[in-house]
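Q: Single-letter residue listing:
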Amino acid sequence: MSVGFHELEEAPPPMTSRLEGELLEVSMGPQHPSTHGVFRMNVALEGEIVRKLKPVFGYLHRNHEKIGENTSYLGSMPYTDRLDYFCSMTNNWAYALSVEKLAGIEVPERAEYLRVILAELTRLQNHASLLGFLLSDMGAWGTPLMYAFREREKILDLFESLSGSRMMCDYMRFGGCRCDLPPGWMERARKLVDGFPRFLDEFEKLVVSNEILIARTQEVGKLSAELAINAGITGPMLRACGVNYDLRKVDGYGFYPRFKFRVPLGEHGDCYDRLMMRVLELRESVGILQQAMEQIPPGPIVNPKVKLRSFRPPVGEAYGRIEGPKGELGFYLISDGGSNPYRYRVRPPSFINLTILEDLCLGHTVADVMVILGSIDIVMGEVDR
Amino acid sequence: MIGSGVLNGMAVTMRNFIGSYFEKDRLITVQYPEERETLPENYRNFPFLIFDTDDAEAGLRCVACKICEKECPPQCIYIVKSEDKKPDYMGKPQFYPATFDIDISVCMSCQICVEVCPFEAIKMDKVFELSRRERFDALLMRKNELAKSNTYYHNIHPLEAAEVDAKLTEAAEAKKKKT
Chain A
1 MSVGFHELEE APPPMTSRLE GELLEVSMGP QHPSTHGVFR MNVALEGEIV RKLKPVFGYL
61 HRNHEKIGEN TSYLGSMPYT DRLDYFCSMT NNWAYALSVE KLAGIEVPER AEYLRVILAE
121 LTRLQNHASL LGFLLSDMGA WGTPLMYAFR EREKILDLFE SLSGSRMMCD YMRFGGCRCD
181 LPPGWMERAR KLVDGFPRFL DEFEKLVVSN EILIARTQEV GKLSAELAIN AGITGPMLRA
241 CGVNYDLRKV DGYGFYPRFK FRVPLGEHGD CYDRLMMRVL ELRESVGILQ QAMEQIPPGP
301 IVNPKVKLRS FRPPVGEAYG RIEGPKGELG FYLISDGGSN PYRYRVRPPS FINLTILEDL
361 CLGHTVADVM VILGSIDIVM GEVDR
Chain B
1 MIGSGVLNGM AVTMRNFIGS YFEKDRLITV QYPEERETLP ENYRNFPFLI FDTDDAEAGL
61 RCVACKICEK ECPPQCIYIV KSEDKKPDYM GKPQFYPATF DIDISVCMSC QICVEVCPFE
121 AIKMDKVFEL SRRERFDALL MRKNELAKSN TYYHNIHPLE AAEVDAKLTE AAEAKKKKT
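These protein sequence lines are chains A and B, in that order.
Per my numbering, the first sequence runs over residues 1 to 385.
Per my numbering, the second sequence runs over residues 1 to 179.
Isolated chain B, as found in the complex (with noise of 0.2 Å):
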């Protein structure tokens, strides 16, 4: 019968319209300012350093060594080296980045400086909010604002996390059976 179609589609939708106020599989909007969901473990969102201890300055993990700079795709990341040497957080001299920006406007979130860093220096963040007045200068991160300590890494990633410090931890217990 002609109409017949359309009138089934009817009823589709019309049991879509009662079915969203008793199913919460049919209604899944979120009212966003007010209303937040939980982000996911894995959720990433621009790279930060991680800093050891409670001293941003000393506690830093980044050794300089431009391998993030060199991979990063979108060559976001500006790093200049260190002339002289401070202790790290385990007590060996080690350059420290002098200068570490990082373009968040040119950054696409895409992990690759957090996979080839070999000191687990680097990691994502899962900050979203970040719109600005300014387009150009408001947007580029120094080292002071990316810098964000363990406990923070832990809050947002807490399984991670806890992975890369049993890894640390093992590392710095190996190193010292050697000597």
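Just chain A, with the same shape it has in the complex (with noise of 0.2 Å):
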């Protein structure tokens, strides 16, 4: 049947949306190349000003959780890498301490200095990436961005040479680490974390006195303290509030304890204040590389009398917690003395700190909306799980 001129004429005009009289509605993403993965918002816009968003996700739903309490405890250990793709080291880490808690298990010393190196090396790729894909979203195409991966290519080599995977490590086991470092390793480690600086300086030159950065971050996306706070929001952004919480110093898992450094905090929470923190860690875990790599003992690197088939721990729970790069990653596991865990739960620090975006977002433009985004710092893959 065809539409006859009047119908059309009385059918509502196009930019009307359904939300609300004026507003228009847009849908960014799955396929958005700035929303990191498949992350769609709908936006509801008036002009160029969001005044309604919602995040949709659930793109990238995998299962993870129910797949967790179907295998083994070993078996969820190469799982845990495809959480958060970028610092599959540091997942490795949070699993294998929920699961060291449960079932009370030793972890030698050489293994906790090595979890420890390999955790900082983490944090330096992924803060690293991060600046790079934050600077990409702004419009500073592939220059920030390729030397940020250049210095990360190198950290992914160092992975690829000691666990034989450059991204899904699958490296740490429960009561250790799965096996010790190659022939020279150490070595070209240290030469690596010892010309970081170097980068750092190049990339702080290059971005942090930038006039146009300072336009398009500072005043942008501003969380407040006390939201941060009751949003449950860890890590950076947190402390980009001035919320002195760092687990690595209130938990003092691992042997941070034994190491010096400081915890950098923010004072505004805009996005710069983000921006910054994350290179401020940067220096931080340089620095606490350094001392890690001085102090490490010769010895066993995995604890002998932890079981690798069938391996059961005691009726129980547990929950370990991590200061991950992007914040608290936790592990909460109920054991019902099987070979399986009853119930396994994923805390991942992207997917609660990226609940409060249309909080900094409302009032901001379409392209500070890629910004704010940008500075929370998710990886899909650990927000949908």
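These are calculated hints, taken from the structure and not from any lab test.
Only a predicted model underlies this, so the values are computations on that prediction, with no experimental measurement involved.
Do not take every clue at face value.
As the list claims (entries may be wrong) - What the simulated footprint calls covered on chain A by chain B, stretch by stretch (three residues with Cβ under 8 Å from a Cβ of chain B suffice, anywhere in the stretch; the number is not a length):
no., region
1, 73-82
2, 161-173
3, 177-186
Quick reminder that beta carbons are idealized off the backbone N, C-alpha and C, glycines included.
Put the two chains together into one complex; each comes in its own frame, and the hints tell you how they fit.
A: So, in structure tokens, the structure goes:
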């Protein structure tokens, strides 16, 4: 049936939306280049100003927790790599830590030091690539991202020669690590860590005093300390609001109390503070790495009492958490004495940090939404699980 | 002064651009198909089965105990145990896998099968150029495709293979002493 001319005229004008009379509803994503994966935002716009924002996620959901309940404790370890595929080492550590808590397993000293080293290397590469992505979201296409990826590549090469895989490391085991360092690894790592401040100096010169960057980030996406605490925000995002909360200091897991480092704090909680927080944390991480590489003792790498096959922890529950590069990463396990957990729950930092996206974006322009989203530092593999 | 930050950034870009001609550190790109980096010793990608001696059938170390099949997180291994026994490379009658398939389109190279194997029969390979035109059958590796010799293992993981060989000979000698 053809549509008559009068019907077309009576149809509502295309620029009104279902939501509210004058707002324009735009669906950003899930294939938007700067949403960091398959993330979608339903944005209601008044001109260019965001008036409503509804995050839609779940496109990458793959039943991680249910799979964890149906495979053995060891079998979940490679799956944790796929949560936040940028920092598989810290995911491994958080999971190993909660199983060790559950079963009361001791970890040899060398393995603990190695875990600290690997976690801090992960932080280096995660923050470096985040800075690159954030700048490319702002329109600094390519250059800073490539500089950051160049450093990340060197760290991934180290991971590859240690664990066999660049990103899906699957390196830690309950009660230690899988294998000892290959010959010459420590020298390479030391060289990389000593050369890292040069990259940081250059990167700071490249972006930090850049007027365009300051105009784009300062006073954008301000987060108050009160809201951050109420919403359960953790990691660099929380510290950018001036809340002194770092699990490395609070929990003192691993051997972190043995190292001297400071926790950088922001003041305004805007995007610029969040960006600078990463740069400052990188400097502290370099310090931790240098101390850990000096102190690491020889010795066994894994607790020989832990069985690899038919591993059955006693009945109970445990929550292990670490300060991942993105925030507090926790695993909650309930054991009924069987070979697989009764309940397996992940507390993903980027998912919980993402919940306040609307509060940050209201009143800003569409272009700022991308910057704010970039500064939250999300990985959809972890958000959707 | 307004604009000095931008100019400073430009100077860094310039230094990187010129530096990339002189410093290996600033240009780490490898022109892949023509230029290749040697893989590190620990590199792992997809499991394979080891056989000793020259005969891929008779020398297979696998005794079809099915531990790897059970422990594999994505369940990509499929084993059928043989009905009869046949002498393994040490002369002891053992079961052998009548069928041993690994679906490498499912495998995630986690190395758990290698770690749980009590017979040092399954190890990680280093192949990575495995693209195929067909989607299903071509990526289902059968026993004859998976079986690779101990010499091959020595070639790809020299340090680890030497360790494994020492362990095996030690176990064989300890057994000889007992009998």
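Q: Could you tell me which of the numbered hints above are not met by this structure, giving the numbers in increasing order?
A: none
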